[in-house]
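Protein chains in written order, with our numbering: chain A, 398 to 817; chain B, 398 to 817.
Hints listed in this document are in silico derivations from the structure and should not be mistaken for laboratory results.
No experiment lies behind these values; they were computed from the predicted model shown.
Please note: incorrect hints may appear among the correct ones.
No copy labels: a pair is met if it fits in one copy or bridges any two.
Only pairs whose alpha carbons sit at most 27 angstroms apart, straight line, appear in this in silico DSS-like list of lysine-lysine [said to hold, decoys possible]:
1. Lys762 <-> Lys541
2. Lys541 <-> Lys570
3. Lys635 <-> Lys541
4. Lys762 <-> Lys618
5. Lys618 <-> Lys513
6. Lys643 <-> Lys665
7. Lys665 <-> Lys429
There are 2 protein chains.
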Amino acid sequence: MNIELIMIGNELVSGEIADTNAFFMAGALTEKGFLVTGIVMVGDREEDIREALVRALGRAAAVIVSGGLGPTTDDLTTAAAAAAFGEKLVLHGEILDQIRMRFARAGLEMPRANEKQAVFPSAAEIIPNPVGTAPGFCLRSGGKLLFFLPGVPRELRHLFLETVLPRLESERKESLHYRSRVLKVFGLTESAIADRLREVDPSLFYAEISYLPRYPENHVKVVVRGVDPAEVEGNLAKIENAIREKLEGRIFATDRETLEEIVGRLLKERQATLAVAESCTGGLVAHRLTNVPGSSDYFERGLVTYSNQAKQDLLGVPGELLAKLGAVSAPVAEKMAEGVRLLSRSTLGLGITGIAGPGGGTPEKPVGTVFIALAGSDGTAVKGYRFWGDREQVKGITAQTALDWVRRYFLRNGIAGLRK
Amino acid sequence: MNIELIMIGNELVSGEIADTNAFFMAGALTEKGFLVTGIVMVGDREEDIREALVRALGRAAAVIVSGGLGPTTDDLTTAAAAAAFGEKLVLHGEILDQIRMRFARAGLEMPRANEKQAVFPSAAEIIPNPVGTAPGFCLRSGGKLLFFLPGVPRELRHLFLETVLPRLESERKESLHYRSRVLKVFGLTESAIADRLREVDPSLFYAEISYLPRYPENHVKVVVRGVDPAEVEGNLAKIENAIREKLEGRIFATDRETLEEIVGRLLKERQATLAVAESCTGGLVAHRLTNVPGSSDYFERGLVTYSNQAKQDLLGVPGELLAKLGAVSAPVAEKMAEGVRLLSRSTLGLGITGIAGPGGGTPEKPVGTVFIALAGSDGTAVKGYRFWGDREQVKGITAQTALDWVRRYFLRNGIAGLRK
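Please build the complete structure, drawing on both the sequences and the hints.
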């Protein structure tokens, strides 16, 4: 089943925003065995939208349109759709009430502009939007399907996954089965992964392997196709095992799981708690840990000790140590980890100190110099790194490395395993 | 001068790789005053490429094509271009020698497959590629220009900036000037902004207004065009003022500036310092503050006091208060702000407590209930909010609101101004 995507918005054709919606939908559709034959981006001009709609319908069995359903005057998709298919625009009172209620629940009065979002082409089937104000809609034209979705990525994803994708699957005639798995790797470059996987031949499993760099992670995606679901499942398991053997220990999560979720699960399973003392990451480790629902079960406190004074006051790092070796040193990282562990009475304490840049580097300790320490009842491990990148990248890879230490602590049985 | 971009590659339409080339070129072209009317992505199918070429030429004065110039059998752009314009393919011996030499310099023999990269449509003007093996080329058709560039981002950028952009500028007849400004708004919905701007008529200033939701911010972008640079500049200033009048106080930054940069600048200008005690935001405020280079000048420490024990230990929040009113209450937020301010000897102390969800809500205090307090030498202001959204959104909008409080503290002259 051939599908085309049309993305609408001046911000896309002017290079102001990089598209994420088409990328997301194309990936999800390909995974399910649909063939995306084209992606078109046009600005907020009714004529261009109309032309793109008519053209796409001439080429594909289904068209998914995103954007231009907002309340402002530059949102023209609904009008263009009605014009392209010769339909009238109709106000849906029920939808208008829902939008009004949405505002009322937040204690607000609905601005007049939002009325527009309750107007649809007469033949449209409305797709309710539980996560935003703009509902989507669906049109049928000559046996073909057109979906119109809001451009806000969160809303688009919700409506796409809940409504559009299931609908397309139910309309599809062919019965090819697809299964995919994303293996998330940290600590190996893309080409190092490719080198290690040279001996894994995907064709033996009717599979395709692709590489997706997601700094600081690298993801390996496997897609297996076939007619028999059990066989597809079996082939996926086999190739996943073959890949795992080659990358042992470097795969930290699969599919949608994040590193912070894995760390949280490991802590929870062992009824352990974690406290964090951060300097150069500036709260990013705490932020990532607390992105996980229920993290209060194992995350007790985080200290962002940016100044030397804070390191002394809050963690008991000796002033002489800071004066002699500087805040960015292995002993200070150790003291930070041990201090936060003891003071919070947590199972584990993480200490992070480094130079995120762009300033603060010296010839001996250039930007990117980082020390990470993990303290437990069985001792403290510490290690120095020299990361590469701008401020955001150094913060990012440092936080990732620190979280990965906690994961490896549990998998390698404690500090002794980390010291290896 | 209208321009269309055509991006070629199965990896783009299958959602395996997110486009960066079109995004880069669209931004650079828009900045120079060209109008990009459409971006089209198609897979490696000769017929689709041919059709996209012909269609784009019918709509735009110039077309830039990227991808499909590689050495492998799935690279079909050159053949498709020749077919579309009825031209023969010709081998250029000189280019072939250059490609061979490129391999030789790396101590390699040129694989046969690379011969293909020295073949071009007969009328093509070749664009040398000093940073890779695939040269680009240029065709003219009925007074219109077509550029073909390799898809490797580094090579594309080089050829685009060195050859394509200067050529387009020299061919352009109009000398249209173009200036833009992004006004970043927080605390008003997109439709509320549109309501307020109803009376600002952009056509009076030869301007266009567009709305870019960037949760939790809303951006208003103004683009002014004209022949006389001074007039364009003047019109931009006039419409910016008209918009500022309607949105007074809600615009916190312009263009590339972020809220944390503005807050940092305000603190620095006043030689003030800030300390933060976070509960529900879990370190996000500290993370954002420390994303700004040089933030150690004004950010001294951040405490992520996730547990009640941490709030007592680190901030001196009384245990009875926590027991009686719960951690999510105005008095606890006040104590957190005052505690972190006093203990860190900072000019300002920010206290944040709330329920990010999805668990932890009650009928009286549902998910999204948040209290923010700011303590200064002139007293403490505190306010309760009921935010809407998932965990990530509640964290995001709470951190944004808290940072905006610091901005408003300085603009409104202290706590008294915030209490209003």
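How the hints compare with the structure:
1. Lys762 <-> Lys541: neither (63 angstroms within a copy, 48 angstroms between copies)
2. Lys541 <-> Lys570: within (13 angstroms within a copy, 43 angstroms between copies)
3. Lys635 <-> Lys541: neither (37 angstroms within a copy, 48 angstroms between copies)
4. Lys762 <-> Lys618: Close neither inside one copy (37 angstroms) nor across copies (42 angstroms); limit 27 angstroms.
5. Lys618 <-> Lys513: Between copies, since 21 angstroms is at most 27 angstroms while 41 angstroms is not.
6. Lys643 <-> Lys665: neither (29 angstroms within a copy, 51 angstroms between copies)
7. Lys665 <-> Lys429: Answer is neither; intra-copy 34 angstroms and inter-copy 53 angstroms both fail.
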